[in-house]
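Q: Spelled out from the first residue to the last, the chains are:
There are 2 protein chains.
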Amino acid sequence: MAPRKEVFEGVEWRIRVAADGSSEALVPATGLARKAWLGLKGLISGFALKVRMFVKKAWDVGTNDPRKVIHCIKVGLALAIVSVFYFMRPLYDGVGGNAMWAVMTVVVVFEPTVGATLYKCFNRVLGTFLAGFLAVGVHWVASQSGERVEPFVVGASVFLLASAATFSRLIPSVKSRFDYGALIFMLTFSFVAVSGYRVDKLFELAHHRISTIIIGSSLCILVIMLVCPIWSGQELHSLIVRNMDKLADSLDGCVTQYFYQSGEGTNSKEEATDNKLQGYKCVLSSKASEESMANFGSWEPSHGQFNFRHPWKQYLKIGASMRSCAYCIEALNSCIKSENQAAKLIKQHLGSGCLKVSSSSSNVIRELAETVKTMKKKSSTTDLLAEEMKSAVQGLQNDLKTIPHLLNPSAKPGNKTLETACSEATTPTVTLMELVPVVTLASILIEISGRIEALVDAVEELAKLADFGINDDKSKHSKMTDKTVSDAKKQTEGTMKALQRV
Amino acid sequence: MAPRKEVFEGVEWRIRVAADGSSEALVPATGLARKAWLGLKGLISGFALKVRMFVKKAWDVGTNDPRKVIHCIKVGLALAIVSVFYFMRPLYDGVGGNAMWAVMTVVVVFEPTVGATLYKCFNRVLGTFLAGFLAVGVHWVASQSGERVEPFVVGASVFLLASAATFSRLIPSVKSRFDYGALIFMLTFSFVAVSGYRVDKLFELAHHRISTIIIGSSLCILVIMLVCPIWSGQELHSLIVRNMDKLADSLDGCVTQYFYQSGEGTNSKEEATDNKLQGYKCVLSSKASEESMANFGSWEPSHGQFNFRHPWKQYLKIGASMRSCAYCIEALNSCIKSENQAAKLIKQHLGSGCLKVSSSSSNVIRELAETVKTMKKKSSTTDLLAEEMKSAVQGLQNDLKTIPHLLNPSAKPGNKTLETACSEATTPTVTLMELVPVVTLASILIEISGRIEALVDAVEELAKLADFGINDDKSKHSKMTDKTVSDAKKQTEGTMKALQRV
Chain W
1 MAPRKEVFEG
11 VEWRIRVAAD
21 GSSEALVPAT
31 GLARKAWLGL
41 KGLISGFALK
51 VRMFVKKAWD
61 VGTNDPRKVI
71 HCIKVGLALA
81 IVSVFYFMRP
91 LYDGVGGNAM
101 WAVMTVVVVF
111 EPTVGATLYK
121 CFNRVLGTFL
131 AGFLAVGVHW
141 VASQSGERVE
151 PFVVGASVFL
161 LASAATFSRL
171 IPSVKSRFDY
181 GALIFMLTFS
191 FVAVSGYRVD
201 KLFELAHHRI
211 STIIIGSSLC
221 ILVIMLVCPI
231 WSGQELHSLI
241 VRNMDKLADS
251 LDGCVTQYFY
261 QSGEGTNSKE
271 EATDNKLQGY
281 KCVLSSKASE
291 ESMANFGSWE
301 PSHGQFNFRH
311 PWKQYLKIGA
321 SMRSCAYCIE
331 ALNSCIKSEN
341 QAAKLIKQHL
351 GSGCLKVSSS
361 SSNVIRELAE
371 TVKTMKKKSS
381 TTDLLAEEMK
391 SAVQGLQNDL
401 KTIPHLLNPS
411 AKPGNKTLET
421 ACSEATTPTV
431 TLMELVPVVT
441 LASILIEISG
451 RIEALVDAVE
461 ELAKLADFGI
471 NDDKSKHSKM
481 TDKTVSDAKK
491 QTEGTMKALQ
501 RV
Chain Y
1 MAPRKEVFEG
11 VEWRIRVAAD
21 GSSEALVPAT
31 GLARKAWLGL
41 KGLISGFALK
51 VRMFVKKAWD
61 VGTNDPRKVI
71 HCIKVGLALA
81 IVSVFYFMRP
91 LYDGVGGNAM
101 WAVMTVVVVF
111 EPTVGATLYK
121 CFNRVLGTFL
131 AGFLAVGVHW
141 VASQSGERVE
151 PFVVGASVFL
161 LASAATFSRL
171 IPSVKSRFDY
181 GALIFMLTFS
191 FVAVSGYRVD
201 KLFELAHHRI
211 STIIIGSSLC
221 ILVIMLVCPI
231 WSGQELHSLI
241 VRNMDKLADS
251 LDGCVTQYFY
261 QSGEGTNSKE
271 EATDNKLQGY
281 KCVLSSKASE
291 ESMANFGSWE
301 PSHGQFNFRH
311 PWKQYLKIGA
321 SMRSCAYCIE
331 ALNSCIKSEN
341 QAAKLIKQHL
351 GSGCLKVSSS
361 SSNVIRELAE
371 TVKTMKKKSS
381 TTDLLAEEMK
391 SAVQGLQNDL
401 KTIPHLLNPS
411 AKPGNKTLET
421 ACSEATTPTV
431 TLMELVPVVT
441 LASILIEISG
451 RIEALVDAVE
461 ELAKLADFGI
471 NDDKSKHSKM
481 TDKTVSDAKK
491 QTEGTMKALQ
501 RV
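Just so you know, the protein sequences line up as chains W and Y, in that order. Just so we're aligned: the first sequence equals residues 1 to 502 in the UniProt record's numbering. Just so we're aligned: the second sequence equals residues 1 to 502 in the UniProt record's numbering.
Any given hint could turn out to be false.
As the list claims (entries may be wrong) - Lysine to any residue pairs mimicking SDA-like chemistry, simulated, CA-CA at most 20 Å apart: (1) K317(W) / Q278(Y); (2) K175(W) / V69(Y); (3) K401(Y) / T429(Y); (4) K287(Y) / P172(W); (5) K281(W) / R451(Y); (6) K175(Y) / D60(W); (7) K281(Y) / S289(W); (8) K337(W) / S324(Y); (9) K201(Y) / F87(W); (10) K281(W) / S285(Y); (11) K57(W) / S173(Y); (12) K317(W) / L284(Y).
To be verified - Beta-carbon label-pair distances, calculated as ranges: (13) R52(W) / V227(Y): 45 to 51 Å; (14) I70(W) / E460(Y): 44 to 50 Å; (15) V51(Y) / D65(W): 41 to 47 Å; (16) S218(W) / A320(Y): 42 to 48 Å; (17) G395(W) / K401(Y): 26 to 32 Å; (18) S218(W) / M88(Y): 36 to 42 Å.
Said to hold, decoys possible - Which chain Y residues stay away from chain W? Per the calculated CB distances, all over 10 Å, these: (19) R34; (20) G42; (21) V136; (22) W140; (23) S211; (24) S298; (25) Q314; (26) L316; (27) K317; (28) E387; (29) E461; (30) A463; (31) G469.
Please keep in mind that the hints were generated in silico from the structure rather than gathered at the bench. In this text, a Cβ means the ideal position worked out from N, Cα and C, and glycines have one as well.
Chain W with its partners taken away, still in its complex shape (with noise of 0.2 Å):
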């Protein structure tokens, strides 16, 4: 070993083995410079990953929503032809030199969709044209009253105005509709106003303020409904229906994987399952987004298949009524992962009717969905899946009431299968424990069902303010009225027949 180790005299290398045996890092003992330079390049390759980890973050924001990539183009090209105002003499002596005003309406004014953009541009506008003319008006008055006291008027009506302004956008109803545009009354009258102490043309300045803030507003206005629209209202309406859908997965997975549980199961497939199973927490975390698409569609035209006077307000019900679906849906998770198992017995005997109304209520949810989606008047098959889920509901309700004959079987029993059921189980009596979790189930599931009937009232009341038109493509409409409930009868079949196997 000896010989061997002179020849590694000029570097010495540490090893350090860990106890699986692997080397974890190789660091030589050769002075500052080099742990210097190893440190630096330690440093960089940090800094490198850390960058490559924002940049592979930023490239999935563009990926998973090109609609984002759009919008950041039509920003600039929004901003590059406000800056012609420079560039060609005319425009920019027109505004009197005061083009950055249209410049910077247009940073601050443009928004992804058209609603938030109209919302800001109209309060914009208004905003300056209110403090404008209160503004000059003020102006006028400070001047009148000597130049000592002018910079007290002129200072005490901003004081005044500021905190009046400040004031009511702590207001609830104020802030949802002018928020932006109080704030913009205030820029524009502390600006005018005391801009009056050393600007002579008072007026022409106030004047190119609003008419720059207009050509900047009117812009944006262009840019935002020409190039590929983004409408607050339609965003809205998709999330509605994306969140219906997403609640039935849940309500059906959730139940149906409860159900399965002690069966067989794939690791892919359980991922799969989860993921759809976590679909409500979407729509409990949905409320903000839901209120300010509401609040902004109400600011747009008519578009697509909205009317002006579109019933946003209306999806915010429907959206408070799915939330308090989803609630029930978390109870229903927590009891699904709960420590007390349910009897095998218990489960075969209320695992049909706990089926049957999932699979029932989530049937009622996706056609509530595609109402909404096609706009047309609640069909005939919401009635009779509501129907359908009614009948479950009074089924599980029965399987319920007649539970006692398993915990006693001396009891006369009112169903001959119950009775062979019983015969069947080895130990008549079932502990309630072993009751509790499904009894639990069953129960939270019933009042989903109740407040799934209101969300067909919600949804009801929507096709009502929307007025939306009747299904008249009837031979179209008789066919998926078929598909959908023949479709429900497959599927709840099936998971009986394999809960027969379990």
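Starting from the structure of chain W, add chain Y where the hints point.
A: Here is chain Y on its own, set in the frame of chain W:
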């Protein structure tokens, strides 16, 4: 009757009498002018009513939270102070006549809380700096490339950088910290780069913009931090504590109301209880405000009991944990309002167990609220109360296990009291439908207690991260412990006694 009628020759009064005999309206029919006057009067009075309603609402906003009024005064004050830059010649000349940017900065940067203001100030200054330097650089490159190419170079750079900045605002990690900074970057870059085409002293322009923005920002920071400051962090802290108390009240009230429901109850008391019961809804809807407060809180310097790097993110975890409890309380509420009436016997049998679990659970939550409020390490009281909760859950589970004996009295009972209860019951077999609501309630209660354990862990983690102090005032502490525990016992005993009366 005829001579009497002649007296009313000039004006004929139409009196519509409603079915119940009350006169509905008195409308004289004397031509258009009077009708128009009345219509106008109606309009005015309607408008006046609306204004009065609005003023009332505004007044409520002010009286409910006087700090909002103070905020408004602060904004007015800051704006009045910054106006001095216009009124004093040396100051005005010092910033090259660009004092309006300082005014604008104050208007757009001033937010109700210190954290939000600091976030905006920092972002505005940083964005302006970066964009200013870049824009001067781009202008230099453009000016070197000849007069004809210059607009295209500038236009292309504006297009590219504006698109990139807009895109960065869509990446969540950037959006949460630098959204406003990216906006200001776009604003300043377009403004300075494009102005370069018309303004000769570009460097001076950038310099003035930066210095006025720094002046405005500094003034805002001074005013917001010196005049009655409102800290985002403190607000978040208080919100979490308040929500914990509300959660505890809801849980307690919900279960107590259920087992008292059949008893007598005065209306005024019921109303107060209803308000308490709905408290958990605040927890459900406070996610968005918690997130923004935690975000702004991280910008705040050390204040009050909080250090600069206080773990605000952990409050979000506590909030999420509380929400998961609140979902279950929502399900609990639905089960209380259920149509299926529970059997009195079962209610009596499980009542004390459920009340014990709910009161011990809510005591744990209240103790956690106290821990967070006082920022003292988890005391032995918490452990004690958590143990009590666990044993209450165990007790409830035992109660559930003995129910089958109520359903099937022939099986041997494991509990003497139960035997008595069974013999007291005239109908020995309770139907399962009468059992379902209470069993569901009990199992949701057990689930809630599990989630409260997660909440205890989250608060413990906060105590570790924030390095909570140790409660050294032992005598006071032990007194408090005794008081809390004895209070809890008294409450449970009282409720149980009342239950027996029912």
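Q: Broken hints, numbered, in rising order?
A: Violated hints: none; all satisfied.
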